[in-house]
Amino acid sequence: MSFRKRLLAGEFVVLAEMDTPKGVDISDLINNARRIKGSVDAVVVPDMDKDVMRISALGGGVLMQQQGLEAIIRVCFRDRNRVALQGEILSAHVLGIQNLIVVPGEDVSFGDHIETKAVNDLDEIGLLKAIQSLEDGIDMAGFELKGAPSFTVGCTVAPYTDEEEMKREIAFAEKKIAAGAEFLIAPPVYDVAWFAKFVEGARTLGVPIIPTVFLLKSVGIARYISINEPSAHLPEDLVTRIRKSSDRTGECVKIAGETIRSLKGLSQGVQIDALGWEHLIPAILEQAEV
Amino acid sequence: MITAERKPMEEIMGYVEPCQRILLVGCNECVTVCAAGGRKEVGLLSSALQMAFMKSGKVLQVKELTLERQCDPEYVEELVREIDGVDAVLSMACGCGVQEIARRFRDKPVFPAVNTSFMGASERQGVWAERCQGCGNCVLGLTGGICPIARCSKRLLNGPCGGSTGGKCEISPDVDCAWHLIWERMKALGMEKSYEQVMPARDWRTSRDGGPRKIVREDLAL
Ligand code: SF4
Ligand code: SF4
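Line order of the protein sequences matches chains A and B.
My numbering puts the first sequence at residues 1 to 290.
My numbering puts the second sequence at residues 1001 to 1222.
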């Protein structure tokens, strides 16, 4: 069943984020794709995540589809103007991509080409509306298209530190949904009770919410997040749990699996971000009993 | 106002090294306020240049002058009396002033002594920050008086990107997140509802993307 059909049927979807390589050696990407085939419903391909130059999301998405995995590609407005974006979106459709996620992207100063010039012609709302318009057969300049694309379109919710910021994010999500977003990808969940508050507040939005589950990988990463990202709400005892474990990687897999298990019933799926350790996704899902 | 900072001495020296006589021209407006190219800075640069020349056994004659407004032809005309006999003009005004001199005196090389930075305001003594990018279609009325184009690193028009931490922009803990400020201000004004208003994709033609801009006021033209 396709990602869209599962979403509409209210089924729990499992997405895996998989980034493309910097260079043309795609062997790791393809091997990882083969390993997770059958365990996930679709693969999410980032669009120059952190503005690090690499194979594009469209390129990665097509590679996934060639491996028999459904692709969801992210589209970001940082590096392309509305002309390039619309052209890429049309290309995505004819190349078989059926799902898009509109994201704001990180500032170019995070990337590996810091001397570049960010474009930012559109923002999330502008891009969502552009996709809506293309689907109606008209481009942003009002010209008619020879054949209109169609997609399942999602957007992201930014991390929120407190209830006030959560309220702001929900208000913003409302605008994105009005502009065409059909599902929301929520930030990484480490504290399910905190995420449950968001679900409660976002109930009126009426769209599926898919939170991210991040494979922590090491005690160092967990500690970094708990100190530097207050919006992550990463409980201290999680850091201690990884630190005390004799098999730290195994413990991280367990934590991710447990998180997914407790998200069932609360969200309509998960997006697993294994940061290159996609080979562990089947083990995570086993823990999660998905 | 327009803000600027003086260029490094080595770069300025690179321009004036072959000269024996220069005209060093400051401006009494923005660059005076941001202490980059007013009368005081003209004096300081003049002495620094002459000393640097002396150190290498050469002499540089510097005529100092600070115009009321270097971007205004009426004041630039005052240079007519001073410019004969100098090898070059070194301007401490913003890029507009430098170009106005270049336009008026076609046979004289003109060099910039400052880097023109941005349109900004003074946050406190000695600190200036960008406030406006002259987009040509101001939206401050919809954003609580805080500009998302000049002050949000991604020029977002409808809400934050999610990268901010503790009200600071993801690019640096020294930069306020514009959307955090907008949201706080909307709340303070009881205008949260305006936040729900959708700002459509912008028409950037009124901005620099539409090419160099010009304002023509027929009613004022002579
Ligand atoms: S909206 Fe445009 S004109 Fe208004 S402050 Fe911002 S950049 Fe300047
Ligand atoms: S952190 Fe705030 S100011 Fe910085 S890019 Fe994001 S929304 Fe804009």
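Among the clues, some could well be false.
Stated by the list, open to error - A few chain B residues that face chain A, going by a derived Cβ cut-off under 8 Å, partial list only:
1. Gly1014
2. Tyr1015
3. Leu1181
4. Ser1207
As the list claims (entries may be wrong) - Within a straight-line C-alpha distance of at most 27 Å, the following computed DSS-like cross-link-like pairs (lysine-lysine) qualify:
5. Lys217/A <-> Lys37/A
6. Lys1007/B <-> Lys175/A
7. Lys5/A <-> Lys50/A
8. Lys1168/B <-> Lys167/A
9. Lys146/A <-> Lys129/A
10. Lys1168/B <-> Lys117/A
11. Lys1058/B <-> Lys1007/B
12. Lys1007/B <-> Lys197/A
13. Lys175/A <-> Lys1058/B
14. Lys167/A <-> Lys1187/B
15. Lys1187/B <-> Lys117/A
16. Lys1007/B <-> Lys117/A
17. Lys167/A <-> Lys1193/B
18. Lys146/A <-> Lys50/A
19. Lys1168/B <-> Lys197/A
20. Lys197/A <-> Lys1187/B
If you are wondering where the hints come from, they were derived from the structure by calculation, not from laboratory data.
Computed from a predicted model, the values in this text were never measured in an experiment.
Even for Gly, the Cβ is constructed at its ideal location relative to N, Cα and C.
Hint check results:
1. Here the hint on glycine 1014/B is broken, as its CB sits about 22 Å from the closest CB of chain A, past 8 Å.
2. This hint is violated: tyrosine 1015/B has a C-beta 25 Å from the nearest C-beta of chain A, more than the 8 Å allowed.
3. At its closest, the beta carbon of leucine 1181/B sits 12 Å from a beta carbon of chain A; the interface hint therefore is violated under the 8 Å criterion.
4. Using the Cβ-Cβ criterion of 8 Å, the hint placing serine 1207/B at the interface with chain A is not satisfied: the shortest such distance is roughly 11 Å.
5. Between lysine 217/A and lysine 37/A the alpha-carbon distance is near 22 Å, which keeps this suggested pair within the 27 Å criterion.
6. This hinted pair does not check out: lysine 1007/B and lysine 175/A have alpha carbons roughly 45 Å apart, beyond 27 Å.
7. Under the criterion of a C-alpha separation no larger than 27 Å, the hint pairing lysine 5/A with lysine 50/A is inconsistent with the structure, at around 31 Å.
8. Restraint check for lysine 1168/B and lysine 167/A: the C-alpha separation of about 18 Å stays at or below 27 Å, so the hint holds.
9. Annotation: proposed proximity of lysine 146/A to lysine 129/A holds, straight-line Cα distance about 19 Å (limit 27 Å).
10. Between lysine 1168/B and lysine 117/A, the direct Cα distance comes to roughly 21 Å. Compliance with the 27 Å bound is thereby established for this hinted pair.
11. Straight-line distance between C-alpha atoms of lysine 1058/B and lysine 1007/B comes to about 22 Å, which keeps the hinted pair within the 27 Å bound.
12. Restraint check for lysine 1007/B and lysine 197/A: the C-alpha separation of about 53 Å exceeds 27 Å, so the hint is violated.
13. Restraint check for lysine 175/A and lysine 1058/B: the C-alpha separation of about 67 Å exceeds 27 Å, so the hint is violated.
14. At roughly 12 Å between alpha-carbon atoms, lysine 167/A and lysine 1187/B fall within 27 Å of each other, so this suggested pair holds.
15. With a C-alpha separation of about 33 Å, the suggested pair lysine 1187/B and lysine 117/A falls outside the 27 Å cut-off, and the hint is violated.
16. A hinted pair counts as satisfied when its Cα atoms are at most 27 Å apart, and lysine 1007/B with lysine 117/A qualifies at roughly 23 Å.
17. For the hint linking lysine 167/A to lysine 1193/B, the alpha-carbon distance of about 13 Å falls within 27 Å, and the restraint holds.
18. For a cut-off of 27 Å, the pair hint linking lysine 146/A to lysine 50/A is broken: about 35 Å separates their Cα positions.
19. Between lysine 1168/B and lysine 197/A the alpha-carbon distance is near 24 Å, which keeps this suggested pair within the 27 Å criterion.
20. The hinted pair formed by lysine 197/A and lysine 1187/B meets the criterion: a straight-line CA distance of about 22 Å does not exceed 27 Å.
In summary, the structure is inconsistent with hints 1, 2, 3, 4, 6, 7, 12, 13, 15, 18 from the numbered list given earlier, while agreeing with the others.
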